[in-house]
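Enquirer: Using the sequences and the accompanying hints, generate a full structural model.
Here the protein sequences line up with chains A and B, keeping their order. Residue numbers for the first sequence follow my numbering, so the first one is 1 and each next one is one higher. Residue numbers for the second sequence follow my numbering, so the first one is 1 and each next one is one higher.
Just to be clear, a hint being listed does not mean it is correct.
If you only want the chain B side, here are some residues facing chain A, beta carbon under 8 Å, derived [claimed, not checked]: (1) Gln126; (2) Leu133; (3) Leu180.
Calculated pairs, SDA-like style, for lysine to any residue (alpha carbon to alpha carbon, straight line, at most 20 Å) [stated by the list, open to error]: (4) A:Lys220 - A:Val243; (5) A:Lys137 - B:Thr113; (6) B:Lys137 - A:Asn108; (7) B:Lys200 - A:Lys220; (8) B:Lys182 - A:Val198; (9) B:Lys182 - A:Arg196; (10) B:Lys137 - A:Thr113; (11) B:Lys137 - A:Arg169.
These are computed hints drawn from the structure, not numbers from a lab. Here the structure is a predicted model, which means the values were calculated and not measured. Think of the CB as a built atom: it goes at the ideal place given N, C-alpha and C, for glycine as much as any other residue.
There are 2 protein chains.
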Amino acid sequence: MPVKLLEGKIIADQIIIAVGSGVKALKAKYGRAPKLVAVQLGENASSAAYIKAQAKAAASAGIVYELKTLPGTCTQMKTQALIDELKNDDKVDAIILQLPVPKGIDANILVNTISADKDAEGMHPQNLGKVLLGNNKIGPCTATAVMEILASTGLDLYGKEAVVVGHSRIVGKPLSLMLLNKFATTTVCHIATAERGVLKDHVSRAEVLVVAVGKAGVVKGDWVKEGAIVVDVGINRVGDKLVGDVEFEGAATRASFITPVPGGVGPLTTAILMRNTLELFKTRMQG
Amino acid sequence: MPVKLLEGKIIADQIIIAVGSGVKALKAKYGRAPKLVAVQLGENASSAAYIKAQAKAAASAGIVYELKTLPGTCTQMKTQALIDELKNDDKVDAIILQLPVPKGIDANILVNTISADKDAEGMHPQNLGKVLLGNNKIGPCTATAVMEILASTGLDLYGKEAVVVGHSRIVGKPLSLMLLNKFATTTVCHIATAERGVLKDHVSRAEVLVVAVGKAGVVKGDWVKEGAIVVDVGINRVGDKLVGDVEFEGAATRASFITPVPGGVGPLTTAILMRNTLELFKTRMQG
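Expert: Structural data, given as structure tokens:
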């Protein structure tokens, strides 16, 4: 059986259409569209691309999008003051702090300041805790995007062997909770697994493999189990090419489904950000 | 090498002594000891035993302990009103809602009402989220107790193969995050793993095995890897005996360390509850 490509763009377009309908209905009810504000500290090439994608997705979904920028030299206190102002602005429904932030700025404190109610990225501790409890309405964008991609395959995760490589707070850890909530048997590997020399052992038994490390070729193509679903979250620049964390060519000959890089998880992340914004708006307006 | 018993009671006593010193110091500073209030709805044999242990541990640590009981027939609204009152009482530092609650009562809503600041059990979403982020000062009592037991063995978890059986919100899921924060390669198994027929495969590769299912003998003794550390969270009544989830006799011949049941994790859970209470008091008083 030839491998099927999991193109996030297609799912992302569907989500944006659904969010657009939701926005329209709520706008008719409440007299205004949801508003998402992005806070950018200093300049950064990768977040510049993300911001562009956000503005475009927001426009498609009918969400009001505003970008606030502060110089890279701004202090914690100044940034905090801006976020406080946005948090207290009744017309702002969702806030995203663009990462990475400049040196000397504590992003954790800023995300706490955003408050769970306006946390567009789903990274406030209260929203992460709800992921653990399995009653979250919004979720961390990339982890949620991975779950959407898995859902698009039609596979029932119940009892499946899922292996996540990378245990970041943004992807690996929340994703492992989401997989457990679907009753996948879930293993999380990371740098210490690789150092122990057993990463290949874990990867090669994965029926569902998600790699989110940020290092080109960290998973070799011939490690992939026959028929596995492979979701590659990594985007790495190698020469003038963008590649994932998994060796695509080799993996594609063995997997049943695989995400391309770019064009896999990336576009979906932005769509989930819009869906989170809509959910936050809905919850706020319903009181 | 003969197996070593991991007796939670000994670690619990040490924690209670440390909490007692902390209480004494803060009492001298702030003029009062921390106060923990337990809310019990209806009657229940297992929570009656836990309440007795709580009162005793609190007395040892110098924590003021109060038990509030409502009849098993009380409504959600009445319970909510009581918890609201406690939350707004400036002299109450920590609240524990005894589980299980009677039918028709939504414990989740009540735990949210307690608020993260007075959440003695560490089960409020905001406190669970901090466990994921790895910056929690308090943690779910049983999961934290397991981490204390593991620490008492002196084993560095970095790169170790950890397997958790049971993916409950109280033990399995938060514990998996704590193990990941220590860089163990972490697998969580559950009912769907057993139904798939691969529970034995996972258990038998575990260097660190934690079982929290609540079913006697769900893990067979001969599944245990030679030299493994085995922490058995289950407490099950079989005839007139209390037994764990792991077949103790068989497992003890193979493990390097094993918890007895009873006398393993159980006594430590109460000590962690006291430590959480002290931490909440400290944070509140420091503003």
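Enquirer: Are there hints from earlier that the structure breaks, and if so, what are their numbers?
Expert: Structure breaks hint 7 only.
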